[in-house]
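A.B. asks: Residue strings, one per chain:
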Amino acid sequence: MSKKHATGTTQFDLGFYDRMAALLEKWKHLGEIPVDQIPSREVIDEITRLLYLEARLLDQHRLREWLALFSADGAYWIPADVDYRDPRHTIAWEFNDRRRMEERVERLETGQAYSQIPPTRTVHLLSNIEVMLAEDDTLHALCNFHIQTHRGHDTQSRCGWCGYVLRKENGHWKIMLKRVNLFDADLPQGNLSFTL
Amino acid sequence: MTTPSHPASAAAAGGINSLSDTDRTRNPNSESSTLQSYQHLFRPGFVHRRLYVDEQIFHDELRYLYGRTWLYIAHESELPQPNDFITRRVGGRPLIITRSAEGKIHALFNRCTHRAAIVCREPRGNAKGFICGYHAWTFNNEGHCTSVPLRQGYGKTFTLASTNLQHVARLDSYRGFIFASYSADVPSLSEHLGAAARLIDQWLDRGEKEPVVVRSGSMPFLVHANWKTIYDNAGDGYHPPFSHESMLKMFARRYGDVDMNYYGSDFDKSPMYSKNLGNGHTFLDQRPEMHKLSAWKRQHVMPGYEAMEKALIERFGETRALAMLDTATGSGMNLNIFPNLLIIGNQIQMPEPLAANKTQLTWFATTREGAPEEINAIRMRMQEDFPSFGEVDDSANFEACQEGMAYVPEMEWIDIRRHHDTEVGTPDPADHLWREPMSSDLHMRTYWQRWQELMNAGATQALKARGESS
Ligand code: FES
Ligand SMILES: [Fe+2]
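From first to last, the protein sequence lines stand for chains A and B. Residues in the first sequence are numbered from 54 upward in steps of one, following my numbering. Residues in the second sequence are numbered from 15 upward in steps of one, following my numbering.
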């Protein structure tokens, strides 16, 4: 079944889930960011620009370019709970490895994904951006988001906060993880088939 | 003509499967007819759009249908500890479902006996009782009123027992699935489930039979469509290759002949089938294709596919590991227990009617108690798969249907006649239940018949009650 193996994709093995559990524990109890974990002004600027670029690509439905912002082992996660529950035994709206992210984009590209015909219009607004140094040369970035959406007859806003894990590869920051925390993730959701 | 064991074709007067001149000529748009009968809203192979859009019919359904049959309300594993409770709306009614200190399950209307306030306003928790936020009337988790402030103001004859929270009329469970009825006048739960019980058994008793646990969160979808627009789809074996073309195409392109690819040709010739279980319940069986060989091996990948397979094979050996993964993959069963329990894959769905054009469809995720962590992680990622790549398109189609039904009064009828006249249906040799090819609308014809039985009986009873009181 070699066709099933994709190189470089996140393993999603038990070790990965342990790392996710540790990350959730850290974000859940985060207070003031310790001074020695605040990166340089330049790094904060770089990350801020990356987040703004991501927002623009999403609003313009440039999903292939959006994908390229992620590392080969990147993941995209939209929990369906607001309690930082362990994903090993908790369902999420999305918990995609890189391969699944590619499947997501490819499905939309067939032109037959009826939930995105017409596509959801979005405007991503970001605020409260905070960046901190983390272990293994990675950075964590947190921001609040407000996404104004429109599809069909329905104008809606979605909001919450995003947690990112980022790593520098060949001089460019890449997203290893994007966790989209809808403030109402555990409550009834309408069409979530666009990319948040 | 079909055999008598084909309940959905039994020529109930005015049913979907028979036609009389009065049905043809009666004006389906006359509101005053609602209370007497709904028969004019049915024609053989067609149902009227008003059944999906009319506010009055929606309110009638909450009373005559949801008020007069067994409803799935929760799974016992949602209340693992003594004094656990959950609150939830079922068939419109807000409920508190509790497990008492002794371990007994209770279902109470979450409505204060004083001035009707919702008593418990938390979604879940652990509590010996509940204090109403308005005037602090207090109830224990068996519904007994334990305290009323300034009680002397109610006079000498007042008793706390007269203000207990109201229990549902009937409560019973089948292998962990808890059902309630708001009317005492219903057959036993086992009579109601009938042939569906055996299929619940088959769903539960797969693989290593670890108990199913419903504590892994849920995906509650808000759909701007009538609950029946959604219910129709639960047994619609016709739509998968078309509604889900984007998903099937993408998976086929990437991974070749993987799951659901069997919808690629004339799938009515496949051994999959649609079945009438009686009492409005239906069953779509994809197992003859999906579990023909190894469901896991035929499965398209999900996050963790290779890593977890490897870990499990190392721990348990290939044969046992693959058997466990087969069970984690999905049941290949769509078991629809009318009107609000849909068992699909490894998930449990509850459609909850909110308005004539609004429904909450909650997909509850399930794990298996004591199964290896790898298996439950695979189950989670697998159970995210279809909602994310398939259900979203289904929802878009439900909303599109609802819009068409609501806004084009010139076109009144909804088509449910697939395989009604092809005479290819046949009793299942094993259990004599009626089955038709996968793409049949048998599911719709079956539940609509039950819908009419309940609604007509409810309306008749209401009319009688009205006559007696006037
Ligand atoms: S309404 Fe509950 S105590 Fe008054
Ligand atoms: Fe579907």
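Don't take every hint at face value.
What the hints assert, rightly or not - Straight-line Cα separation of at most 20 Å, DMTMM-like style, residue types lysine to aspartate or glutamate; simulated pairs:
#1 K372(B) - E162(A)
#2 K263(B) - E155(A)
#3 K263(B) - E159(A)
#4 K79(A) - E159(A)
#5 K324(B) - E155(A)
#6 K372(B) - D237(A)
#7 K81(A) - E155(A)
#8 K372(B) - E116(B)
#9 K311(B) - E222(B)
#10 K372(B) - E159(A)
#11 K324(B) - E259(B)
#12 K263(B) - E162(A)
What the hints assert, rightly or not - For the chain B half of the interface with chain A, some residues (derived, Cβ under 8 Å), not all of them:
#13 M233
#14 F235
#15 M261
#16 A266
#17 G384
#18 S409
#19 E437
#20 V438
As the list claims (entries may be wrong) - Rough simulated footprint, nothing fancy, chain B against chain A, three-plus residues with beta-carbon under 8 Å:
#21 113-120
#22 144-154
#23 159-171
#24 177-190
By construction, these hints were calculated from the structure, which means they are not laboratory data. C-beta atoms are modelled at their ideal positions from N, C-alpha and C, and glycine is treated no differently.
A.B. asks: Next, verify each hint and record whether it holds.
C.D. replies: Okay, the hints, checked on the actual structure:
1. K372(B) - E162(A): Cα-Cα ~30 Å, so violated.
2. K263(B) - E155(A): 14 Å, holds
3. K263(B) - E159(A): 9 Å, holds
4. K79(A) - E159(A): 34 Å, violated
5. K324(B) - E155(A): 23 Å, violated
6. K372(B) - D237(A): Status holds; Cα separation ~19 Å.
7. K81(A) - E155(A): 29 Å, violated
8. K372(B) - E116(B): This hinted pair is violated, its Cα atoms lying about 38 Å apart.
9. K311(B) - E222(B): 18 Å, holds
10. K372(B) - E159(A): 31 Å, violated
11. K324(B) - E259(B): Not satisfied, since the Cα-Cα distance of roughly 31 Å exceeds 20 Å.
12. K263(B) - E162(A): Distance of about 11 Å is within 20 Å: holds.
13. M233: 5 Å, holds
14. F235: This hint holds: F235(B) lies near chain A, its Cβ roughly 6 Å from the closest one there, short of 8 Å.
15. M261: 6 Å, holds
16. A266: Violated: closest Cβ of chain A sits about 11 Å from A266(B), beyond 8 Å.
17. G384: Violated, about 12 Å.
18. S409: 7 Å, holds
19. E437: Where the cut-off is 8 Å and the nearest Cβ of chain A is about 33 Å from E437(B), the hint is violated.
20. V438: 29 Å, violated
21. 113-120: With 0 residues close enough to chain B, the hint is violated.
22. 144-154: Answer holds; 9 residues pass the 8 Å Cβ test.
23. 159-171: Since 10 is at least three, the answer is holds.
24. 177-190: Answer violated; 0 residues pass the 8 Å Cβ test.
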